[in-house]
Amino acid sequence: MFVISSLSRSWLNVWGSNSSGKVGTFSSPSAITILCSTAVATIMFKKVQPTVKSVHRNPEIRNMDKHGTRVCLDSPAKRSDLHRPAGLYPCHHQGGNQYWMFSKNGEIRRDEACLDYSGQDVILYPCHGGKGNQYWQYDPNSKLLKHMSGEKCLAVNQQHSKLVMEYCDRNNDRQKWLLENYDARKLS
Numbered sequence: 001m002f003v004i005s006s007l008s009r010s011w012l013n014v015w016g017s018n019s020s021g022k023v024g025t026f027s028s029p030s031a032i033t034i035l036c037s038t039a040v041a042t043i044m045f046k047k048v049q050p051t052v053k054s055v056h057r058n059p060e061i062r063n064m065d066k067h068g069t070r071v072c073l074d075s076p077a078k079r080s081d082l083h084r085p086a087g088l089y090p091c092h093h094q095g096g097n098q099y100w101m102f103s104k105n106g107e108i109r110r111d112e113a114c115l116d117y118s119g120q121d122v123i124l125y126p127c128h129g130g131k132g133n134q135y136w137q138y139d140p141n142s143k144l145l146k147h148m149s150g151e152k153c154l155a156v157n158q159q160h161s162k163l164v165m166e167y168c169d170r171n172n173d174r175q176k177w178l179l180e181n182y183d184a185r186k187l188s
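Quick note on numbering: the sequence shown equals residues 1 to 188 in UniProt numbering.
To be clear, the hints were calculated from the coordinates, so they are not data collected in a lab.
These numbers were taken from a predicted model, which means no experiment stands behind them.
Where hints are given, some of them may not hold.
Said to hold, decoys possible - Okay, the calculated beta carbon distance ranges per label pair:
(1) Gly96 with Thr69: 14 to 24 Å
(2) Arg79 with Asn141: 34 to 44 Å
(3) Glu112 with His67: 31 to 41 Å
(4) Lys66 with Gly132: 30 to 40 Å
Note that CB positions come from ideal geometry on N, CA and C, so glycine has one too.
Use the sequences and the hints to build the structure in full.
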């Protein structure tokens, strides 16, 4: 977030009061400042977020059950949303609260919030990088999202209204998830 806010401040400091619609040329000191800020931001982002890689281009996590509404993992990830159950919503392909990433550390995350399971509800919790309750494994063949501290897999309940954890069953469509364009090579 630091990188984005720094880049935003740089941009607004230069162009924020510009009501004429003219942005000048790249030879101006303002443009050079923005280009430098962008380059620094890119470098900093690579250093700050090295473990976060989107392993799918359409980063929704879609349940594959054929007997109900097609739902996706959908939760806001503001500070006030932490420590609450993660949600489901009909898939809309618009990103937003359905934009999730699978990290190198096996985290399912939105910004700084990760899916976390400690035996009760599947909740959003601040990402800590320590695996444990936030360690997941996706099998692209079976489509199961397995929680690695036990033998349970992520599923939707019968009503498709809530995330639940159940003992893994390859024949249970409520446990099957599609991570589009998943590529395990991007995790190494």
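Verification of the supplied hints:
Hint check: Gly96 to Thr69, Cβ distance near 18 Å, so the stated range 14 to 24 Å holds. A hinted range of 34 to 44 Å for the beta carbons of Arg79 and Asn141 is consistent with their spacing of about 37 Å. About 35 Å separates the C-beta atoms of Glu112 and His67, a value consistent with the hinted range of 31 to 41 Å. A hinted range of 30 to 40 Å for the beta carbons of Lys66 and Gly132 is consistent with their spacing of about 33 Å.
Checked against the numbered hints listed earlier, the structure breaks none of them; every hint is satisfied.
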